[in-house]
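Student: Each chain, written out:
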Amino acid sequence: MSDLFMGISPAIPVVLAGLLAVILPWHYARKVLMVLSPLAALFLLLITPQSGVYGVVEMAGLSFETYRLDNISRVWGLVFIIAAFLNGIYAWHEKDRMSDPSGLIYAGAGLGAVFAGDLLTLFFFWELTAISSIFLIFASRKGEAYRAGLRYLAISVLSGVLLLGGAVMLYNTTGSWAFGGVGDVGVFSIDTPGGMLLFLAFGIKCAFPLLHNWLQDAYPKATATGAVVLSAFTTKLAIYALARGFAGTEILIWIGAIMTAFPVFFAVVENDLRKVLAYSLNNQLGFMVCAIGVGSELALNGAAAHAFVHIIYKGLLFMTMGAVLMRVGTTKASHLGGLYKSMPLTTVFCMIGGAAISAFPLFSGFVAKALTLSAVLHEHHYIPWLILVFASAGVLEHSGIKIPYCAFFGHDGGHKVKEAPFNMLLAMGLASFLCLYLGINYGALYNLLPYAVEYQPYTYDHVVGQMQLLLAALFAFTFLMRFKLYPAEKDITILDTDWIYRKVLDGAARWSCAMLDRLGGAMDQGWAGLGRTIRKGLFNLFSPAGSFARDVPSGIMAVWSTLLLAVVLIVAYIYAS
Amino acid sequence: MIEASFLPAALSDHAPVLLVLVPMVLAAIVAAQPSGRFGWLAALIGVVSTLILALDIYGQMQASGAPVAYAIGGWQPPYGIEFRIDGLNIALLLLLGVMGTLALIFALPSVADEIAKSKQSLFYAAFLICFTGLVGVSTTGDAFNLFVFLEISSIPTYALIAMGAQKDRRALTASFNYLVLGTIGATFFVIGVGFLYMSTGTLNMADIARLLVEQNDNRVVQVAFGFILVGLALKAALFPLHMWLPNGYAYAPNFVTTFLASTATKVAFYALIRFTFDIFDPTASFVTGLLTWVITPLAVMAMVISSAQAIFQVNVRRILAYSSVAQVGYMMLGFGIASLAGVSAGMLHLLNHALMKGALFVALGAFSYAYGVRRIDDFKGLGQLMPGVSAAFTIGGLSLIGVPFTVGFVSKFYLVSAALERGWWWAVALIVFSSVLAVFYVYRILINIWVNPAPVHEPAIKVRRVPMMILIPLWILALANLVFGVQTDLLVGLAQDAARAALDGGMGL
Amino acid sequence: MTWTPELALGLALALPLAGGVGVVAFGRYPNVREAMTLIAAVLLAINVAYLVEIAPSNPTIELFEFAPGLSLKFKLEPLGALFAMVASGLWILNSLYSIGYMRGNKEKDQTRFYLCFTLSIAAAMGVALSGNLITLFFFYEALTFSTYPLVAHKGDAKARKGATIYMSILLSTSIGLLLPAVLITYFVAGTTDFTPGGILGAAGPVLSSVILCLFAFGIGKAALMPVHPWLPNAMVAPTPVSALLHAVAVVKAGVFSMLKVTTYVFGPLTMAATPAADALAWLAGFSIVAASIIAMTQDNLKARLAYSTVSQLSYVTLGAMLASPAAMLGAALQIVMHAFAKITLFMGAGAIYTGTKKTNISDMAGLGKFMPVTFAAFGIASLSLIGLPPFGGTWPKFFLMQGSDQAGHPWLMAALIGSSLLNIGYLLPIVINAFFKKPKDDAPMRPGMPPLLAVLPPLLTAIATFVLFLLIDPLVSYLAPVFSMEIAS
Amino acid sequence: MVELISERFNYIIVIALMMIGLYGVVSSANLVKRLVGLSIFQTSVFLLYITMGKVFGGVPPILPYPAEHGDGHGSDAGHGTAAAHAGEGAHHSVEAAHDGDHIQSDAQTHGATPGATQSDAHAGAQGADVAHGASQAASHGDLRERVGEAVHSLAEQAAHHDAGPAAYDGVHHTAEIIYSNPLPHVLILTAIVVGVATLAVGLALVVRIRESYGTIEDSAIARADYSDEIERGTA
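Chains as they are written, first to last, in the working numbering: chain A, 1 to 577; chain B, 1 to 509; chain C, 1 to 489; chain D, 1 to 235.
Derived from the structure by calculation, the hints contain no laboratory data. Virtual Cβ for every residue (Gly too), placed ideally from N, Cα, C. Please note: incorrect hints may appear among the correct ones.
[What the hints assert, rightly or not] When the alpha-carbon atoms are kept at most 25 Å apart in a straight line, the in silico DMTMM-like pairs for lysine to aspartate or glutamate are as follows:
hint : chain 1 : residue 1 : chain 2 : residue 2
1    : C       : Lys369    : A       : Glu144
2    : A       : Lys536    : B       : Asp378
3    : C       : Lys438    : A       : Glu419
4    : C       : Lys357    : C       : Glu107
[Unchecked claim] One side of the interface only, derived from the structure: several residues of chain B facing chain C at Cβ under 8 Å:
hint : residue
5    : Leu108
6    : Val403
7    : Leu420
8    : Ser435
9    : Val436
10   : Trp450
11   : Val451
12   : Pro453
13   : Gln487
[Stated by the list, open to error] Have a look at the derived ranges for each label pair, beta carbon to beta carbon:
hint : chain 1 : residue 1 : chain 2 : residue 2 : range
14   : C       : Lys357    : A       : Cys513    : 44 to 54 Å
15   : C       : Ser168    : A       : Ser176    : 43 to 53 Å
16   : C       : Pro205    : A       : Ile574    : 39 to 49 Å
17   : D       : Tyr23     : A       : Ile574    : 18 to 28 Å
18   : D       : Asn10     : B       : Met469    : 29 to 39 Å
19   : B       : Leu490    : C       : Ser57     : 55 to 65 Å
20   : A       : Ile556    : D       : Val207    : 50 to 60 Å
21   : C       : Lys357    : A       : Arg147    : 21 to 31 Å
22   : B       : Pro453    : A       : Lys536    : 24 to 34 Å
Using the sequences plus the hints, can you model the full thing?
Tutor: Here it is, written out as structure tokens:
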């Protein structure tokens with residue numbers, strides 16, 4: 001049995017299930033697929049005994065390594081499968097035909113990318129994630145979602161083609177399409193043009209500062225279930241790719257540090273709670289990027305662990321917001337509040353998620369983040385460390401406190417709604433359980449990590465230090481709320497840096513459209529005008545009444561012949577003498 | 001093609017003179033009786049006999065490998081008039097025979113349609129005389145005799161063109177202009193011949209040629225060449241002496257246009273080659289100078305300017321007439337290149353042009369027969385009404401443009417090679433440019449024929465079925481354009497033989 | 001009678017012509033007439049499949065020689081066989097579709113339409129199988145002439161104007177530039193035969209640059225800017241014709257000729273030594289981006305697709321000019337992949353027009369509900385054009401990127417990357433508008449169902465884009481020897 | 001100067017007529033006048049031919065005793081033209097033999113620049129030529145050679161035997177007699193016929209033009225044609 005399926009990438013059943021779901025008209029059949037296919041993937045993952053390259057496909061003179069299992073890809077693969085499974089449960093009630101296959105293919109593509117052993121396979125699944133996920137955004141069927149979806153797709157495809165371009169350039173210099181060997185990390189350098197392109201490609205999907213806006217743009221516009229799915233795969237896939245490709249690249253430390261810090265400011269003032277989550281997603285990614293930049297085994301463990309737990313608790317938070325969105329119809333902080341009465345379980349789950357993301361001890365965030373912070377400190381990157389610490393406090397500020405407070409407590413929005421449906425609660429419950437379980441039984445988490453861990457998170461220093469930080473932040477929040485200094489939840493749109501480039505790019509695009517339109521017009525006109533001018537000139541000369549083709553009386557012709565005779569004689573004279 | 005004489009010895013011995021005599025005598029007979037149909041039959045007999053005799057002579061030449069010479073009345077050259085047929089003029093004779101035959105087949109319905117019944121026999125008589133003249137020009141080996149035949153062909157031509165007056169009175173003025181110009185040209189020519197006689201004392205071409213070798217420094221010879229060149233260029237409608245041609249072709253009866261377009265200027269062109277390369281010394285500096293600095297520039301001007309003139313014409317026959325002037329330019333360019341390749345390209349184009357213009361004018365005749373149309377606007381929708389004729393016309397048009405696998409391409413190709421051989425890149429560029437212009441004027445017609453919808457006529461115009469007598473020559477010519485476009489050996493062989501005969505003085509066989 | 005290569009070559013030309021004869025003969029009986037077209041198409045496809053099989057052995061027919069080195073010559077080689085296969089295969093679908101479209105729209109002069117269609121397919125076959133430049137040129141011109149009545153099919157003033165521009169640009173470039181190029185090639189090389197490795201090795205860099213420029217602009221059907229305006233102007237034609245122009249015959253003949261010239265007349269070595277090739281590659285890159293941007297500004301669906309074609313064709317030109325093995329392979333694949341994607345788009349546009357008489361994209365909002373199959377096919381083809389896996393369009397982009405880097409022009413990849421994004425910008429909104437947007441006016445918009453024959457073919461071709469993605473292996477191993485590319489293991 | 005003009009008097013007339021004729025063709029809008037100009041133009045050519053046919057000191061080309069010099073040349077010499085050549089040649093040969101080189105050199109001068117004087121340009125040239133041929137037969141073609149031989153024998157006859165009357169006259173009266181070469185006359189007779197025919201056709205055309213246009217003025221005809229075109233809307 002297991003031999004039969006040995007070497008089949010776990011992505012395959014999920015993608016196939018997705019394709020099947022495209023044509024399956026029955027709601028529950030699709031749902032069963034959504035729940036079962038991650039289990040099938042898990043099965044395939046588990047029966048693969050050891051690291052290695054499986055499932056090599058030869059095509060067009062190229063070989064595609066579809067299933068490369070090693071210590072790094074195993075972590076991501078596992079958590080992706082878990083996320084897909086939870087999403088399946090969470091979306092059980094969802095009737096929309098588009099989001100089911102989309103979510104499945106998307107998850108499958110994410111898995112495929114993680115298990116891709118070479119850059120071309122990676123490119124294939126990389127693009128597939130882009131194409132499949134866009135429908136999750138469209139599924140909300142709002143005008144702004146279409147535009148955001150297109151922008152999202154364009155950015156994703158840009159990332160994909162950059163990846164392809166980089167791969168091609170690397171191939172032409174090295175003669176290999178390999179994306180590192182089994183267990184290799186940091187296989188590329190940004191000093192080569194090809195490596196630079198790859199770095200940019202990963203960076204876009206990883207939402208580097210100034211390349212991040214697609215995330216805040218698109219995720220909050222997806223459906224309730226869609227946002228959960230989206231939050232899980234794309235960015236974490238990019239983290240995986242970065243870890244694989246660029247671990248130890250110094251600039252990543254600074255990029256990561258900035259990534260952790262700046263979203264805090266936006267998140268604090270943002271009104272749309274799902275957008276707040278999107279900013280906090282950015283912030284969390286920063287920790288991982290920073291860890292990858294450090295590049296030590298400890299740091300990479302930190303990144304992996306963080307990615308693992310983050311998928312779960314960020315998913316949990318998006319799930320709770322999804323439940324709110326589904327029941328209330330909005331996630332604007334200014335419209336919410338007091339929901340703890342009608343949605344008590346959701347409130348609890350949200351608080352667990354908040355605690356996890358804020359890295360309260362005993363929650364999964366704590367054990368993961370500790371690894372990263374220690375690694376940064378261990379390599380003596382003090383300034384980045386300080387920034388990370390500040391950002392940790394900020395996380396609590398906006399994700400740990402603001403979200404539960406604004407949604408479920410705070411002033412009463414007056415919404416009387418039902419509790420979230422059972423399947424949602426179940427998914428949230430499972431995620432919450434994982435958050436707690438991994439926080440407490442951290443050994444289970446550490447055993448999964450790429451490298452052997454001899455790390456004790458629950459030391460006195462760690463716990464106290466973290467608690468001091470958290471309490472200070474909590475105090476600050478209370479203080480600010482008390483004196484009404486906290487930015488009030490207003491129904492406004494926050495301008496991010498995307499405003500600049502959207503304006504600039506939009507302007508540039510419009511300008512070049514106009515110019516090229518004119519150019520095209522001018523070319524058309526030019527052809528036509530040229531044709532007209534020539535035609536007119538020729539017509540004046542050669543038309544039946546024109547000066548060259550008029551009927552001439554025979555006398556004139558006689559003159560011509562005489563003239564020609566004269567010319568002939570003169571020429572003959574000249575030539576003869 | 002034909003390897004030996006096939007006629008009885010009595011005929012084949014006298015074939016060169018019979019070439020001229022048969023149509024001449026028939027002309028007299030035709031003129032004396034009133035029946036148009038008889039006239040047509042006699043003309044056909046005259047033309048076909050010419051063709052047969054020409055083929056026989058060709059066979060003789062192939063068999064003996066030498067020119068066929070015939071002393072009129074037994075008076076040996078250089079004292080008597082000699083008819084002498086070599087590789088150069090046999091091509092012309094065959095062309096005359098073939099084109100004359102095809103044109104005459106077409107003539108029966110066309111002439112019956114366009115010429116008053118009472119005039120038909122005279123018309124055919126005039127045609128026969130004209131034909132006699134053309135054959136005579138191509139046959140004779142005597143310079144003055146050539147002038148006489150040239151005029152014998154011209155004078156009936158004036159009359160034939162003027163016959164078009166029944167449909168359009170401008171034929172009269174066109175004919176008159178042609179007459180004035182033609183006479184001036186002929187007079188120039190005869191002056192030139194006079195000067196030649198002055199300096200050599202003989203009129204036999206071969207004899208003159210022999211004597212002139214020593215006389216290149218002689219001013220009389222140079223002036224003679226100048227006069228002959230201009231005179232014949234006028235007859236051959238070299239730009240800018242072409243002005244008689246467009247109206248002449250446009251307003252003459254269809255049959256006349258068809259016949260003249262494929263033969264008349266060609267014969268003058270032949271005479272030009274004969275005089276330039278055979279009689280005068282082509283290596284003499286005044287000859288090469290004139291070819292390079294007068295003929296060639298005028299030739300390319302003809303190619304370009306006349307093509308441009310053709311584009312804007314409203315009368316389709318004028319379009320084709322201007323195109324003929326441009327085609328003369330191509331031939332003259334080959335002539336101006338003055339190499340073996342150039343002259344053979346010119347000769348090839350001469351033959352090919354006869355095929356394409358023949359097809360085109362016969363097709364125009366068919367259109368005119370069925371609908372009475374001449375103006376380009378009237379051609380709208382003809383493709384649907386007369387698809388067969390339109391297809392033939394299209395083939396001719398494409399050949400005129402020089403689309404590969406038509407004869408037009410072949411001769412342009414050889415012309416381009418000849419120009420390149422001399423390193424005349426600019427000439428190649430102009431040939432191509434002129435071809436583009438040709439695309440435009442042909443395109444204008446084809447568009448109207450095939451694409452533009454026919455206007456609705458109130459009341460409906462009368463339509464006649466196009467008779468087989470028109471369709472047969474039409475399709476023979478159209479297919480010839482294709483066949484000889486791919487099976488080039490025959491025509492290229494003829495043209496190369498002709499060029500060798502002209503330049504090397506040999507038989508070129 | 002055995003099926004010899006000679007016979008098959010002859011049949012490739014004769015079958016469409018025979019079809020044309022049949023069409024004319026049965027012009028009065030529409031069913032028989034269209035059956036004739038279909039039968040000819042199917043037989044041709046079978047025949048060409050055989051040709052594809054024997055192509056690597058290069059069977060040659062030389063019909064007649066009218067000057068030393070100049071002859072009507074057919075020579076089969078993989079590139080041409082592939083083009084012939086694409087053209088003949090798509091002809092079947094296009095014929096089916098034409099039947100649906102022409103009947104659905106009650107077009108007039110259908111006999112002429114089908115006749116010219118068969119003629120242009122015959123001409124395309126001639127282009128594909130030609131063994132030397134002169135034969136290619138002849139059939140190239142024949143193609144121009146036989147498609148002209150199709151472009152002007154509607155016969156109104158607008159159609160005539162468009163057709164006039166179509167004709168005049170194509171003719172003047174081909175006679176004014178292509179023919180001189182052919183002749184100069186002949187006089188430089190002494191032959192015009194397509195020879196692996198090229199025949200222009202003797203020409204110096206200046207001369208070869210001149211010749212290359214003459215070819216690049218003389219092959220007006222490849223629509224390299226600035227000789228592209230004929231293409232948008234030809235949009236006045238009925239949609240099956242546009243599909244023929246853009247996917248099956250005309251532009252494909254153009255870029256195919258371009259590729260064939262650079263492969264067999266110049267050869268990679270000569271190309272590398274030709275300075276103009278770089279400049280033309282950049283021009284192609286510019287063409288790719290500029291045409292995409294212009295496409296974004298078009299609201300008329302067919303006009304947008306036309307500019308998209310201009311852009312996509314320049315991929316092939318780019319590949320041909322770069323002349324590195326991967327780039328040439330990419331160019332060859334682009335001919336195939338673009339054919340399938342673009343024919344889908346055009347047939348989709350035609351189906352929309354047949355069903356709703358709508359031509360403007362802004363009016364198509366909400367149509368997806370009524371024509372889901374059409375728009376789904378449209379969307380798939382769009383993705384293929386953008387170059388996203390798992391659709392065929394991925395491969396040419398991949399090989400072109402590889403080729404441009406191989407040829408030392410990594411920056412040209414930017415053009416390819418930019419074009420992908422722009423493709424998203426102008427293709428996907430059409431589908432998304434149709435599926436997700438509410439129609440503009442509230443009036444109930446229940447379009448007439450387009451005939452099945454106008455819906456099915458685009459679906460099939462859309463599926464084909466996916467199949468082609470998987471079929472890349474045989475394609476590459478078939479083409480690789482042409483570009484002397486060692487297959488990377 | 002006067003001498004120069006008087007020597008070339010005929011040519012001046014020819015040129016003047018030719019120019020007048022051409023001017024008539026060019027300047028007049030009247031079709032009949034144009035034909036008249038054309039006729040004058042042609043006439044000038046007739047004069048040119050006749051001028052060149054006049055030979056000082058020529059002899060009629062009649063051979064005295066055609067039967068006597070057989071041996072293979074008889075058939076050649078028997079023909080008229082051949083006889084003329086031979087006669088001239090004989091005359092000059094005799095001249096050369098008797099009167100030294102005076103006339104011969106004269107003839108050669110004319111031969112070298114024909115048309116310089118109106119005298120015996122053609123015949124003289126030819127005579128000199130043939131005489132030359134007599135002494136240097138080998139340098140010419142086969143036919144020439146044969147004629148040269150014939151001439152030689154004639155010259156010998158004239159010198160040593162009882163020369164024929166023609167040859168005798170030729171010897172003694174060369175300078176006074178203007179001999180008319182018949183050939184140009186014959187030619188020009190033909191040309192006149194051609195000219196008359198052309199004129200006739202031309203006049204007939206003018207008559208027809210007058211019938212259909214009502215005018216024979218070129219400009220009026222052009223106007224009429226143009227207004228026709230306007231009517232048809234094709235101008």
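Student: Under 8 Å, Cβ to Cβ, is where B:Val436 needs to be relative to chain C, so tell me if that hint holds or is violated.
Tutor: holds (5 Å)
Student: With chain C as the partner, please determine if B:Pro453 meets the hint condition of a C-beta pair closer than 8 Å.
Tutor: Status holds, d = 5 Å.
Student: Quickly compare the C-alpha distance for C:Lys438 and A:Glu419 to 25 Å and report which way the hint goes.
Tutor: Outside the cut-off at roughly 32 Å; violated.
Student: Within 29 to 39 Å or not, the Cβ separation of D:Asn10 and B:Met469?
Tutor: violated (56 Å)
Student: Hint B:Trp450 vs chain C: min CB-CB distance below 8 Å?
Tutor: holds (6 Å)
Student: Is A:Lys536 close enough to B:Asp378, meaning Cα to Cα at most 25 Å?
Tutor: holds (23 Å)
Student: Quick check on B:Gln487 please, does its C-beta sit within 8 Å of some C-beta on chain C?
Tutor: holds (6 Å)
Student: Taking the Cβ atom of B:Leu490 and the Cβ atom of C:Ser57, is their distance within the range 55 to 65 Å?
Tutor: Violated: the Cβ-Cβ distance is about 35 Å, outside 55 to 65 Å.
Student: Given B:Val403 as an interface hint, is the shortest Cβ-Cβ distance to chain C below 8 Å?
Tutor: holds (6 Å)
Student: Have a go at the B:Leu420 hint: is there a Cβ in chain C nearer than 8 Å to its own Cβ?
Tutor: holds (5 Å)
Student: A range of 50 to 60 Å was offered for this pair. Does it hold for the Cβ distance of A:Ile556 and D:Val207?
Tutor: For D:Val207 against A:Ile556, whose Cβ atoms are near 24 Å apart, the range 50 to 60 Å is violated.
Student: Is C:Lys369 close enough to A:Glu144, meaning Cα to Cα at most 25 Å?
Tutor: Satisfied, since the Cα-Cα distance of roughly 20 Å is no more than 25 Å.
Checked against the numbered hints above, the structure breaks hints 3, 5, 14, 18, 19 and 20 and satisfies the rest.
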